[in-house]
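K.L.:
Order-wise, the sequence lines are chains A and B.
Following this note's numbering, the residues of the first sequence are numbered contiguously, the last one being 283.
Following this note's numbering, the residues of the second sequence are numbered contiguously, the last one being 1084.
The set of hints was computed from the structure by calculation and includes no laboratory data.
Within a straight-line C-alpha distance of at most 30 Å, the following computed BS3-like cross-link-like pairs (lysine-lysine) qualify: (1) B:205 with B:319; (2) B:267 with A:61; (3) B:267 with A:11; (4) B:984 with B:1002; (5) A:61 with B:479; (6) B:473 with A:66; (7) A:66 with B:267; (8) A:98 with B:1002; (9) B:473 with A:61; (10) B:559 with A:61; (11) A:61 with B:518; (12) B:485 with A:94; (13) A:150 with B:90; (14) B:890 with B:398; (15) A:66 with B:485; (16) A:66 with B:319; (17) B:473 with A:94.
A short list of chain A residues far from chain B (calculated; beta carbon distances all over 10 Å): (18) 33; (19) 198; (20) 214; (21) 222.
In this text, a Cβ means the ideal position worked out from N, Cα and C, and glycines have one as well.
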Amino acid sequence: MDTENILEIIKRSDKNRGAIIAILEEIQATYTYLPEAALRLVAEETGHSLTDIYGVATFYKAFSLKPRGKHCISVCLGTACHVRGAQAIVDEFKYELKIAPGGTTPDNEISLETVNCLGACALGPTVVADGHYFPHVTKGEVREIIARTKEEMEKINTETDDRIFRLPLSCPLCKASLMDPDHPLDGHPSVRIDVSANGRKNPLRLSSLYGSGAVAMEDPVPLNQVSPLFCPHCDEELPSFSICPECGSPMAALLVRAGCAWEICTRRGCRGHLLNLNQINLS
Amino acid sequence: MKTFQTVAAFNAYRASFLTDKNEEKKPCIVICGGTGGQASGSNDLIRIIKRRILEQNLHDKLSLRVTGCLGFCEMDPFIIVEPGYNLYPKLKMENVPKIIDAAVKGEVVEELLYREPGSTVKRYSEQEIPFFQGQTRIVLGQNQHVDPIRIGDYLKMGGYAALEKALEKQDRAWLVDEILKSKLRGRGGAGFMTGRKWEMARNMKNGGGPKYIICNADEGDPGAYMDRSMLEGNPHAIIEGMIIAALAIGASDGIIYVRTEYPLAIKHATIAIREARRLGLLGKNILGRGVDFEIEVFHGAGAFVCGEETALIKSIEGKMGEPRQRPPYPIEKGLFGHPTCINNVETLANVPYIINHGAEAYTKIGVENNAGTKIFSLVGKIKNTGLVEVPLGTPINKVVYDIGGGPVSAARIKAIQTGGPSGGCIPASMFDLPIDYDSLAKAGSIMGSGGMIVMDENTCMVDVAKYFMSFLKDESCGKCFTCRKGTQRMHEILEDITEGRGTPEHLVLLEELALTVKDTTMCGLGQTAANPVMSTLRYFREEYERHIEDKKCGAFVCKQLTGAPCQAACPVDTEPWRYVAMVEKGDYEEAYRVIRTANPFPAVSARVCDRKCENRCSLGVSGGEAIAIRAIKRFVTDRVNPSVYKPQRARKKKKEVAVIGAGPAGLTAAHGLSLIGYGVTIYEAENQPGGMLTCSLPAYRLPRDIVEKEIKTLLNPNIKIEYGRALGKDMTLQDLLNDRFDAVFLSIGAHESWRLDLENEDVEGIFPSIQFLKAFNIRGEELARGHVGIIGGGNSAVDAARVALRQKDVTSVSLFYRRTREEMPAYEEEIDAALEEGVKVETLISPVKIHVRQEDIEAALKEGVELETLVTPIKIFSKEGRIIGIECIKNRLGEVDATGRRRPVPIPGSEFRVELDTLIVAIGEKPKSEFLASMGLDVNRGGRLKVDRKTLETSLKGVFAGGDLVTGPNTVIDAIAAGKKAAKSIDRFLQKGKIEKAAAPKLPSTYIEPAVIDETEAQTARRAEPAVLAPHERVKNFREVTLVLPEDKARAECRRCLRCDLAFTRDKSASQAASHTIEGAKHD
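Kindly generate the complete structure, drawing on both the sequences and the hints.
P.N.:
Shown next as structure tokens:
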């Protein structure tokens, strides 16, 4: 556990407004659980007694005092899922994983949980594995869900998958192509732009495959830093029309064919992007 | 985007969206990107749509709108194409390009359009779909027009116009008045008048301190998701509602409290707040009108009780979410001690509508004291799951059947549950109840936040009560002792009942506890915690009693009472899993013994059993195909010589029993009694044994030699049969009892057909189905000729139709049935076979003014209705004493009746005439039992004999009865079951003092090694269907239609079995093995 990191989390929060829950949520998001030392630190820093902090940490279902596995599978036990046989799904997971809900496999790979309701009631029985929803789950699918969870949910074959396609991009200002055949990424010409960081401009190459997210940088920008992006041809800053839906940072726009824009978040580490099919108005 | 400083500037900006009609002309693809849509794969479709638009350069010709939840979640992922509102349901990625290409050309893709399940009628637009037609979507309807992360979409729809209006006047008391006048009630569930709440909040002075408005989006009620869908799909409506609320009550800060399980709702609300702030609609000096107001999003951390307002406040304050005593109400002392007004998401979403359209318009929707609409999440055992918005006061029937499309399978809907863990169940018999706050409360439930969970016959109400109690015991904050302990104890009692340890005293205790918890707890959670128990006890008490007395769960949900479902379903307690396992191993003789031990009629059952086991097969109910158990039984009985099973017969006792009727019930009882050693004499009115097996079942379903052979195996020296001797004609009950018999078992069946009660019904050429079938089956007489009409939809109607078709003077056979084909009570396959052979089924046609048919007789008798009065007479056309035709009238399906089916309603003016030479009336049978009443027995109007449900004893000592005589027309297997029960009961009666064993669940007890199946086999294996004779091979003869499975197929079919029995025997066998070793070790 990194004390500095936790102090940072506490500092960022609004202590006076009773932000304990938000602090604990952030700590949990970082460590998958609430380590005892972190709770002590929170108590100390916020001026609450450890009893209070412990009370909160044990009252709410979202918190765990035990480390969780690398992957998390939650079976919904809402009423709608229950009447459609969710209990049998839980039993099947218990049988396959040899752990009870709330437990983690000995290899620390998978934690099994039940939740009261995911609000996807029309699709019951519902299972969520690492944020990926499985609707209308049957007992027979349980093994497959476990297997897919273990081998990373979003693994996509960029060569064969229909959902992956190339975006030919150009500068919205000077209209020059940004495609760079000399530095391929994902086996295709990359998209070359410049990023301004550490006091100078550096080339930044993105995969031109929509859905890949691959990036290459010569001089990495520090994580979470928001840096303006430039066209290597006209040297102008790429315009911003939107803010990132994921993190609220400004987004930079690249031109896809006449009028459409691909907008990407300018904060390093954020994967927020929008493929905007509406005409963008440069004036 | 720029920040606006004045209302006028913002108005101009807003207007620019309203006038931009250019966009409207382009076709637009609308797709749900909400949690439900994403879970069903809409993200993939969106990718493909974008790809197609870009690659084909279509962005000038087509737009795409990714919205939040559109409500019709059952059809996800689906696309709606505007302007035609063509809805394409349940799409796959490969369907998308076709739809895009058609949309660009202004065409539709016919084959992908929505149609109701089972129907071929295409619905061209959303407005034509019954699911949408029945709704009034003033709130939810907006979702379709809004991409929640684009404020422009909301403005285009007229969004924030209400806010402009609210900002205009400096005195904002009118806002409170307007909401008061609109009679809007809190949509969170309790239904407090929102206007009253606002009025109190407005009048609360806080000496310059802050005042809060909180939007409660905790939505902890499992099974409800409308708040999530609104916050995800149209967050600006809620933000606008909150700002207006803030203006009305003078709040300075707003908080949206969202549960952490809703990440997308949190994201969309956060983006919307950010965008509103950028436009100057939030923050300091909103649009230059001197008002400061901010909203922030707070994540709940997973506690149901935090939906309670005082707990919610504590949670925001960073404490444990324990409710506190009220007063002071949050309106006086709320968040951090300041006045706080808490409104539900849906309540706030209604506010802009009311301000825009005026309170008067709003009160026109809904009913007295219940103005406006309510959104329900219609989920569970229903065809069209999704979100449904209807005016308050709409009857439950309309929501469940018209909008929801009725049951999802053949199982009937038996109840809905509203209000979540604080609510209750409402039985189907009360579905004409209007849905409003007051009616639901009167029925023992509550409106709640709007969960409406539909339950069918496969839902166990005791299990539902247990489920909610388990939920509540976990979610009780623990502050009040009675809630903390009371919910735990209630849960334990329910566990005892569902696991077979229940006693009648448990129900008394449960009721007492329920009242105590209700009366002695502080917050809403505790006070309503008993509702699930109290409402199920109120409406479904007999289910509790069945669990306790019979140790049976009628819905097959409670595992410890069900064991292997196939076994639990069998009326004669066969262990299908066991003989299926034996066939898999190739031990057919053992398989036969397993079948025969439970059932004296293996070969007969292998042909005509209605297969309750297959209906309950775990494979079938979990979405796969049930094991073909009956076909496997046929395989075994065709192959194995019955002599491999030798029943043990006790030495003859002195006592004698008379059995009346040699049908399946009578023969089974006689056989059973003879084995115990009683002398049995069977009196049979006909000249041959078999009852319904030989006189009504056609030989192509049940070959005569099979019946004869099987009956022969049941006879032994203890049994004597006297043919041609009928009770009432040749002897009386008193004669029998005075003679030498110590007990009598009546099993005379149901051999009288219901009459149409039409004029001319006795002319030549009209036959009751039973008379028609008997004449042919017993005497070989062919009564039908020419054009034959059959009235009715039951098995005997279908049998009669097929027998008629096989008679040589018949030219055509038409079946007239008054409901649709899906509702025909005959077995589905029999109808299919009849159709293949050329029987025309004319559905929705019934003879004029006939109101009663066999299924109604069943249902009505159960309810104690007097039947004869409902039948109205009418003319049949005849000439010279012989039928020449009938007049029919067409029906349409009307309202759903108490049995959950739609009533046929005659269409005036649709009468038509049918020329007929023969008419067979097959609207149902009843026992011919008037003569029994004169012998002192209790016979009801339907001719059925009243007996003790458990012992089959009649009102006369020593006289027992079973089979169709007691139940009305029923299946062969139920008759066999009655015979078995009678034998036990009569034995107990004759050996006075023999102690009755307490009921116990029938669980698998023998461990049989399961077959090893690899994954591919498990996934690819399909149900084995036995071959049948082709129609031309069978239509003019009586050869058996269904053939036997070949050996390889039968054995492969057995490998598909999930072996539900192992859950009960695997552990036991393991521990037995373990204990054997230990014992072995000791001996060493």
